[in-house]
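In order, the protein sequence lines correspond to chains A and B. Under this note's numbering, residues 617 to 892 are what the first sequence spells out, in order. Under this note's numbering, residues 617 to 892 are what the second sequence spells out, in order.
Quick caveat, the hints were computed from the structure, so don't treat them as lab data. It is possible that some hints are incorrect.
Note: identical chains are not told apart, hence a pair may lie in one copy or across any two.
Derived pair list, reagent style SDA-like, types lysine to any residue, alpha-carbon separation capped at 25 Å [to be verified]:
1) Lys837 x Gln714
2) Lys837 x Thr792
3) Lys678 x Thr884
4) Lys678 x Gly689
5) Lys678 x Val620
Protein chains: 2
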Amino acid sequence: MQTVSENACFGGTQGVYTHASAATGCDMTFGLFLPSEARDGPVPVLWYLSGLTCTHENAMVKAGAQGWAAEQGIALVFPDTSPRGAGVADDEAYDLGQGAGFYVNATQAPWAPHFRMWDYVTEDLPALVFDRFALDPERQGITGHSMGGHGALTIAMTLAGCFRSVSAFAPICHPTASDWGQKQFTAYLGEDADAWEEHDAALLMRDAGFDGPVLVDTGTKDQFLDLLMPEALAGAIAARRQQAVFRMQPGYDHSYFFVSSFMEDHVTFHAEALYA
Amino acid sequence: MQTVSENACFGGTQGVYTHASAATGCDMTFGLFLPSEARDGPVPVLWYLSGLTCTHENAMVKAGAQGWAAEQGIALVFPDTSPRGAGVADDEAYDLGQGAGFYVNATQAPWAPHFRMWDYVTEDLPALVFDRFALDPERQGITGHSMGGHGALTIAMTLAGCFRSVSAFAPICHPTASDWGQKQFTAYLGEDADAWEEHDAALLMRDAGFDGPVLVDTGTKDQFLDLLMPEALAGAIAARRQQAVFRMQPGYDHSYFFVSSFMEDHVTFHAEALYA
């Protein structure tokens with residue numbers, strides 16, 4: 617692991633690091649915020665998964681999360697959204713290939729060798745950060761925005777017991793029925809739609825749910841509502857009687873101005889679960 | 617004036633607008649955050665002047681100011697840092713020309729026709745925003761980062777009575793004695809160093825001071841301390857017996873991670889003056 621940068625931030629440290637990832641077969645870059653409390657021992661950790669086109673950096677500089685995490689004594693991890701590099705497959709579209717890993721393990725050419733973002737985010741990067749930093753693996757929460765909200769919800773519901781709390785900002789809720797999902801799952805996972813279902817938050821909510829609190833915020837003016845399909849997740853939450861707070865926020869769109877506006881709520885939500 | 621974008625943000629609106637500026641003779645872009653209170657009438661306004669290489673956008677997305685401004689019911693204006701466009705003079709260096717206006721009115725070729733950022737920030741843009749938005753001209757504060765801290769301090773001390781409070785993040789304090797100043801003042805204002813003095817915060821503090829509270833934060837690990845020369849401003853504050861809080865923040869550098877870490881303090885500081 618190599619240190620790209622470390623900046624003092626809200627009494628803690630905002631770092632950026634690179635490492636060779638066995639999961640993706642390429643160098644990966646991630647951001648990590650450590651609150652001052654990490655100097656004295658392991659702290660709880662909140663994973664933040666980013667959306668289409670993002671790198672590790674977008675949320676790190678635009679989401680305004682570090683101040684609230686510092687207040688709560690919680691670390692933040694900001695993974696990249698795909699493998700990257702000259703030897704990694706890509707596509708001209710913004711929503712396929714580099715910057716658009718969709719948090720799945722690709723099985724199809726040309727994506728299969730590198731696009732293993734599920735394994736990267738759930739195994740490879742956790743193994744590294746819990747080894748190298750003062751983070752408590754028994755106290756993890758996960759959140760994300762858009763494609764990253766999809767990742768947070770699907771990972772939290774699949775890895776039962778791993779996360780105490782899950783939240784999402786404007787998540788892609790029902791990718792098996794959306795152009796944000798069908799296109800990518802066809803490319804990464806193949807034509808057989810049965811293989812897609814384990815990566816659909818609304819279907820996972822219907823079939824499995826989450827053993828803990830859930831918080832989801834989406835703006836009523838989100839320009840991508842037809843692609844996000846929050847109604848599918850809301851319906852599944854209600855049908856399952858899942859402990860959850862599902863909010864449609866009046867006037868907000870899909871931008872980081874929306875994300876930052878509700879970051880305090882999300883960090884506080886996770887802190888309540890992580891310190892319970 | 618044309619609307620580039622408007623996003624819901626912390627209960628208010630983060631807008632971006634363009635307008636033809638008489639001062640700079642070109643189209644200018646600025647950001648404006650209006651808190652929800654602006655729907656009911658004029659609100660106080662805090663000007664945020666940005667540093668070298670920045671546009672209107674950097675602080676708008678990275679400084680984390682809107683949440684605190686919303687809490688205080690204060691508007692934020694984010695001007696650009698120079699004239700821009702194909703017809704505007706520029707230089708290959710990052711610290712001269714476009715992105716580096718230094719908040720002065722250039723008198724020298726090739727800069728003179730467009731590089732009139734003093735007039736733009738103190739006359740042209742105020743006339744526009746007080747006409748078009750619910751802002752109270754009797755309640756203005758000003759702040760900025762690096763070159764923008766220089767701008768905030770020099771403007772506040774020169775326009776006596778205009779601003780109730782002034783603050784700065786890692787300001788260029790003594791440009792007449794620094795490579796961040798001598799180079800640009802020579803280019804924009806000419807070889808006669810006497811003409812530079814009215815744009816030097818440390819000299820203005822020595823000669824005029826500010827009729828109100830002053831807050832200045834600089835990081836002890838700022839990589840540009842030799843160029844910023846905070847000791848010159850600190851000395852002038854002390855010699856003048858100026859009401860001020862001058863802080864050296866341990867471990868912080870020059871980045872927006874530093875700025876955002878202390879944004880709550882600065883917005884609260886201005887709010888106390890603007891609501892006094």
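To test your reading of the hints: which numbers does this structure violate?
Hint 1 is the one this structure does not satisfy, whereas the remaining hints hold.
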